[in-house]
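K.L.:
Spelled out from the first residue to the last, the chains are:
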Amino acid sequence: MDLELMINSFPKLLTATFITIKLLSASLFFGLFIGLLFAILRLNKNPIINKFSYGYSYVFRGTPLLVQIFIIYYGLGQIEYLRSTVLWVILKEPYWCAIIAFSLNTGAYTSEILRSAFQTIKPGFIEAGKSLGISNKIIFYKIQIPIAIKQSLPAYGNEIILMLKGTSLASTVTLMDLTGVAKYIISTTFKPIEVFIVAGSIYLFMTFIIHNLIKFLEKKYSFYQ
Amino acid sequence: MNIIKKFGLGILITLFLTISANADKIRIGTEGAYPPWNSKDASGKLIGFEVELAWALCRYMERQCEIVEQDWDGMIPALLMRKFDAIMAGMSITAERQKTITFSQGYADEVAQLAVMKGSDLEGMDTPSGINLSLGGSDVKKALKTLTGALAGKTVCVQTATIHQNFLDSGDVGSVNVRTYKTQDEVNLDLTSGRCDAALAAAVAFTDYAEKSGKPVVLVGPTFSGGAFGNGVGVGIRQGGDDAIGQRDAQLLIDFNNAIDQARKNGDISRIATKWFGFDASM
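Protein sequences, first through last, are from chains E and C.
Each residue of the first sequence is one higher than the one before, starting from 1 at the first, in this note's numbering.
Each residue of the second sequence is one higher than the one before, starting from 1 at the first, in this note's numbering.
No lab work stands behind these hints: they were computed from the structure.
Watch out, some of these pointers could steer you wrong.
Below, a list of computed lysine-lysine pairs in the DSS-like style, where the Cα atoms sit at most 27 Å apart [claimed, not checked]:
| hint | chain 1 | residue 1 | chain 2 | residue 2 |
| --- | --- | --- | --- | --- |
| 1 | E | Lys92 | C | Lys212 |
| 2 | E | Lys92 | C | Lys275 |
| 3 | C | Lys40 | C | Lys275 |
| 4 | E | Lys191 | C | Lys212 |
| 5 | E | Lys191 | C | Lys182 |
| 6 | C | Lys182 | E | Lys92 |
| 7 | C | Lys45 | E | Lys12 |
| 8 | C | Lys275 | E | Lys22 |
| 9 | C | Lys118 | E | Lys12 |
| 10 | E | Lys92 | C | Lys215 |
Far from chain C, some chain E residues (derived; all Cβ distances over 10 Å) [unchecked claim]:
| hint | residue |
| --- | --- |
| 11 | Tyr58 |
| 12 | Arg61 |
| 13 | Arg83 |
| 14 | Phe118 |
| 15 | Gly129 |
| 16 | Ile143 |
| 17 | Ile186 |
| 18 | Ser187 |
| 19 | Lys191 |
| 20 | Ile202 |
Using N, Cα and C, we set each Cβ at its ideal position, and we do this for glycine too.
Let the hints inform the model, and build the full structure from the sequences given.
P.N.:
Spelled out as structure tokens, the structure:
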């Protein structure tokens, strides 16, 4: 064990952790909107609309995240026509390709989590609102969404942690995130165990914080129980 | 119960036999993704200059060999962890690597060069056709200065943990935007997609890709050798030691050096190199 290397690599890895956090928070932000949109579409009575939403979540949950990143980064980059469009400004950057892939992926999982949360809302809550003469829109925002958030917190917490670990795949498209920098240090020191232990500990610490944050929120939203 | 015991014993015996059969086999690690040095054919079989050379060297050593595939970025760690005993993967002999492992004498040498897509503004740089960084001198300084100016603000792509990355990181050509990839294939893909303004690797890696893919990849600037680019490609072996295993590694280095001597004398290296590179890259 090379303790000196572990101590020396720590600040470099910590700097790279900011990229990981940036990737994670951007993906979760976009993913939550995508997830909410597709959960609502999924609950739509129109068969075309809800089949479309089902298809989206089926494809993105049924293929590996690594394959999705490769298709978006290397795959789309090979289409000559695309390179002449405005889209290329975004797709040229590995950072945005990673965020697009992560957002679409976590969006699919989030849509399933939110859909099941919406479906477990007892009809009595909605009927109670209606009997008070509250409009459907207000019932949706003030009754259905808060209950759905509370219901989905434990599963969503899991999804955040899975996504945190998923961001390590960003290093495969040249991004210098925590895993990318760890690999870079290993490529010059040839000591994988020491460096990966430090990188792993940083991931573990982030998981610890996310876990406790979700636990805190669960407690806060544990009304009417 | 008896059956389970017999079955378990059977497994143990098989395992023991496999281990002892492998004990005196030399395992050689290669990447299988850096044509024409080493690559894989359509059926997944390892082929290339180094694969063929490895079999030739094993014949001279009169030893049984096994060629093992290993990702480039884990090559030296895997050698140190004894997943195999020798590296033959287009690995240049550099002072940096010699801190961790040792090398046989070089068996082949091949220059590095920048590649761009046809029509790039990097085409037609005014530099000598080749520079040797170990020699130095005003020619080299002037060429590096031209390169520094041409590459300023450009994204140059390289495979990770290579001499090419070391050269760009050394600052000899200013502070270019270096992007690293796991394999040379991915570097080639992003060069054609336009995400890289230029790429740096062994010149043959680009000519091989241009030929096979039909993409308009062209070589620009001087060919590089010496300095960060090392002193040719050799067999990477663990540094020897005083214990039994260390002595075996030290003996392996001697065996490889002798085998390379014989293969060179008999013209085998030249012949295999010409077959794969199209020119004699042996040394």
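K.L.:
Hint by hint, say whether it matches the structure.
P.N.:
So, going through the hints one by one against the coordinates:
1. E:Lys92 to C:Lys212: holds, 25 Å
2. E:Lys92 to C:Lys275: Distance ~38 Å between E:Lys92 and C:Lys275 Cα, so the pair is violated.
3. C:Lys40 to C:Lys275: holds, 16 Å
4. E:Lys191 to C:Lys212: violated, 36 Å
5. E:Lys191 to C:Lys182: Distance of about 18 Å is within 27 Å: holds.
6. C:Lys182 to E:Lys92: The hint holds at about 18 Å.
7. C:Lys45 to E:Lys12: violated, 39 Å
8. C:Lys275 to E:Lys22: Violated - the C-alpha atoms of E:Lys22 and C:Lys275 are around 50 Å apart, more than 27 Å.
9. C:Lys118 to E:Lys12: With a Cα-Cα distance of about 38 Å, the restraint between C:Lys118 and E:Lys12 is violated, given a limit of 27 Å.
10. E:Lys92 to C:Lys215: holds, 19 Å
11. Tyr58: holds, 28 Å
12. Arg61: holds, 26 Å
13. Arg83: violated, 6 Å
14. Phe118: holds, 41 Å
15. Gly129: Fine: 52 Å to the nearest Cβ keeps E:Gly129 off the interface.
16. Ile143: About 48 Å separates E:Ile143 from the closest Cβ of chain C, which puts it past 10 Å; holds.
17. Ile186: violated, 7 Å
18. Ser187: Label violated. Min Cβ-Cβ 3 Å, cutoff 10 Å.
19. Lys191: violated, 7 Å
20. Ile202: Check passes; 20 Å lies beyond 10 Å.
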